[in-house]
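**Q** One letter stands for each residue in the lines below.
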Amino acid sequence: MDNGPVMEEKDFDKLISKTVRGLLKKYDLKYDRETAIVTDDDLADRFFEAGLELAATTGVYCTDTHTQMLFSKDEILQALRWAPDQVTVGSGLDQCTIVTRRPEENVVPKIVGGGFGAPIPEEWFSAVMESYAREPVIDSIVGCNFFTTHGRTPKTRSPWEVLLAWREVELIKSAAQRAGRPGIGVGVVENAVSEIGELSGSSYGGFPQCDWHHTCFVSELKTNYGLLIKVAHLVKTGCIIHSFYNPILGGYAGGAEGVAVCAVAGIIMECVVNMATTFSICPTHPFYNCDTAPELIWAVSAAQQAVNRNTHLLTTVMTSPVSGPMTETLLYECAAMATTATVSGTARIDGVRSAVGVEILHVTGLEARFNGEIAHAATGLSRKDANEMIKEFEKRYVPVLDKKPIGKSFLEAYDPIKVQPTQEWLDIYGKVKTEVERIGLKMKY
Amino acid sequence: MDQFYEELLDCMMDGDDETAVNITRAQIGGGRDPMDIVQSCLIPILDDIGDKFSRLEIFLPDLIMAADVAKAVKDEIRTHLLSGADGAESEGKVVIGTVQGDVHDIGKNIVATLLEVNGFEVIDLGNDVAPYSFIETAKRENVDIIALSSLLTTSMPYMADVLKNLNGLGLRDKYRVIVGGGPVSAEWAKAIGADGYSNDANEAVELCRRIMAERKAG
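Top line first, the protein sequences correspond to chains A and B.
Sequential numbering of the first sequence, starting at 1, is according to this note's numbering.
Sequential numbering of the second sequence, starting at 446, is according to this note's numbering.
Check each hint, because a few of them may be wrong.
[Claimed, not checked] Among chain A residues calculated to face chain B with C-beta under 8 angstroms, some are:
(1) K155
(2) T156
(3) N191
(4) V218
(5) G251
(6) G255
(7) Q420
[Said to hold, decoys possible] Using 30 angstroms as the maximum straight-line C-alpha spacing, the simulated BS3-like pairs for lysine-lysine come out as follows:
(8) B:K519 / A:K14
(9) B:K497 / A:K25
(10) B:K519 / A:K391
(11) A:K408 / B:K635
(12) A:K14 / B:K538
(13) A:K384 / A:K444
(14) A:K18 / B:K497
(15) A:K403 / B:K497
Hints listed in this document are in silico derivations from the structure and should not be mistaken for laboratory results.
Ideal Cβ positions, reconstructed from N, Cα and C, are used throughout, including at glycine.
With these hints in hand, go ahead and build the complete structure from the sequences.
**A** What follows is the structure, encoded as structure tokens:
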């Protein structure tokens with residue numbers, strides 16, 4: 001962090017771009033538009049080698065010190081070797097254990113439900129969170145962001161962030177309590193954009209060590225003192241660290257194949273630098289802001305298979321669709337991503353950040369239930385069979401990606417007092433489940 | 446399409462500013478009107494490159510290379526023109542940045558680069574930029590447009606702070622303020638009193654062009 005080579009940030013961006021392009025040629029990595037997901041083990045392994053080489057070549061850039069944080073290949077492999085292959089989150093009867101998985105494995109992945117940063121006014125925050133905690137298929141929950149708190153519009157990196165963190169503690173714990181799952185593991189502190197919220201929300205009386213605490217890299221392969229302060233704090237307080245990284249399609253990573261290489265390198269370096277236990281990727285489309293565009297579905301499959309075949313890291317994938325509640329397309333986007341991640345060996349399936357997490361109150365527990373049910377159904381499926389199904393799912397939503405069908409809000413999709421989905425939303429869910437089965441994916445529930 | 450057009454296009458895609466300047470100089474030396482180079486070659490090529498990016502046939506690093514080459518070619522053309530009031534002049538001056546508390550910057554970088562590709566002079570303040578820094582830069586650099594990006598709802602209030610500060614300092618009429626980013630909407634732009642909102646990078650270019658046309662029209 002302080003001792004690496006000093007360089008301008010723009011030069012690091014260029015280095016990423018140049019190195020990725022070189023590695024794509026060296027390892028013969030090309031996006032294949034004809035397939036929905038990678039089904040070739042050798043290709044997946046070449047993605048891993050390319051990602052490992054990118055990690056060892058560029059390291060991670062610290063924007064505060066303007067230095068490259070470099071590690072040798074041996075140091076990186078050692079960190080991967082000693083990373084946990086299972087972790088228990090939550091407490092008591094509500095705890096769950098996430099275990100490493102391989103592509104096509106029969107072990108069911110663990111399911112996380114939540115809005116992942118979608119903006120929610122505080123008066124509805126607890127009800128929205130309860131809609132996830134009530135779902136039996138969901139093993140762990142994760143918060144949304146407050147659009148308002150204490151009747152005000154909060155600002156990050158200000159005293160408001162402390163209040164946000166404590167409002168999150170209060171309202172998520174009460175939602176879990178009301179759902180009868182007081183010890184359910186929670187992804188926290190979702191409202192801690194900076195280190196201020198994390199340090200406050202995980203201090204005395206706040207979120208405990210057995211919840212999973214967020215940190216991340218900034219695209220592409222960058223960190224800063226704020227994020228590293230979170231890491232230092234979480235390591236010293238014995239908290240489970242969940243790290244995410246979202247490469248941008250069309251950015252310095254380039255196309256789908258470059259996104260996959262960056263994703264592999266990012267997961268590897270999150271293990272080395274952020275000392276994380278669980279690792280999420282959610283590559284982002286530059287125009288639709290989702291991760292369900294066909295190029296990104298393919299990139300996720302490549303990166304997940306690469307890491308899950310060559311390490312025992314606890315990988316996670318988040319579904320981030322353009323569609324919102326009470327649309328059929330939302331559920332087909334979930335079906336495509338949850339199937340992709342499950343057959344690619346992902347240990348934990350996360351979602352759903354409906355309407356790409358930017359529309360106020362446009363998330364509900366029902367799409368997270370569906371996302372989890374798809375993961376259960378796809379467990380043990382071959383990648384070859386999954387490939388054909390995912391192509392069918394994509395046909396049903398790709399035409400609307402640029403139209404952003406945000407659907408309806410939680411208040412229209414649910415009875416917000418009883419925290420139950422409306423019959424209309426249940427009918428849409430039932431209709432899509434029937435169609436998914438007709439396509440060939442046998443639902444278990 | 447003339448041979449020079451094809452050669453200039455190749456230079457832009459390869460990031461070869463040296464050859465681009467040399468062939469431009471040779472064209473002008475051979476009697477070609479510098480303004481014809483701008484109108485018949487540079488502008489159509491830049492439009493074509495912008496279209497390619499919107500279809501993701503090329504990526505951000507290609508855009509950056511093209512913008513660097515275009516700037517070198519424009520500088521060369523400018524040296525051959527007697528008057529400053531010409532087509533090679535900047536479309537307008539923009540200060541851009543991601544607002545305080547937010548370190549996401551690739552979307553903002555794409556907007557900045559597309560603006561440069563389309564002839565705007567861009568001052569990029571990076572990410573996590575305090576409201577007052579935008580205003581100081583706008584004053585110092587005499588910009589036309591202040592462009593604010595945010596990917597986080599909890600950073601969006603800092604956009605409102607920029608406008609509040611401009612009003613408080615009596616500078617609101619001097620600059621046009623536009624906003625964008627994942628959770629930002631036209632409704633938000635209206636609510637905070639911004640002059641415009643764009644949904645993506647291509648729209649941002651169109652918005653800046655419209656604003657500059659209005660400013661020039663008085």
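**Q** Does A:K25 lie within 30 angstroms of B:K497 when you go C-alpha to C-alpha?
**A** holds (22 angstroms)
**Q** Go through the hint on A:T156 and say holds or violated, using the shortest Cβ distance to chain B against 8 angstroms.
**A** holds (4 angstroms)
**Q** Between A:K18 and B:K497, is the straight-line Cα distance small enough, at 30 angstroms or below?
**A** holds (20 angstroms)
**Q** Check whether the Cα positions of A:K384 and A:K444 lie no farther apart than 30 angstroms.
**A** holds (20 angstroms)
**Q** Hint check: A:K403 vs B:K497, CA-CA at most 30 angstroms. Holds or violated?
**A** holds (20 angstroms)
**Q** Would the hint linking B:K519 and A:K391 be met if the CA-CA limit is 30 angstroms?
**A** violated (47 angstroms)
**Q** Taking only the CA atoms, is the gap from A:K14 to B:K538 under or equal to 30 angstroms?
**A** Judged against 30 angstroms, a Cα distance of about 25 angstroms means the pair holds.
**Q** So if I understand the rule, the pair passes when the alpha-carbon distance is 30 angstroms or less; does B:K519 with A:K14 pass?
**A** Given that 30 angstroms is the threshold and the Cα spacing comes to 23 angstroms, the pair holds.
**Q** Double-check A:Q420 for me: the hint is only fine if its C-beta lies closer than 8 angstroms to a C-beta in chain B.
**A** Given a least distance of 27 angstroms, the restraint on A:Q420 is violated.
**Q** CA of A:K408 to CA of B:K635, is that 30 angstroms or under?
**A** holds (22 angstroms)
**Q** Hint A:N191 vs chain B: min CB-CB distance below 8 angstroms?
**A** Constraint on A:N191 satisfied, holds at 7 angstroms.
**Q** Closer than 8 angstroms between Cβ atoms is the bar; does A:K155 clear it against chain B? Give me holds or violated.
**A** holds (5 angstroms)
Consistency with the previously given hints fails for numbers 7 and 10, ordered from lowest to highest.
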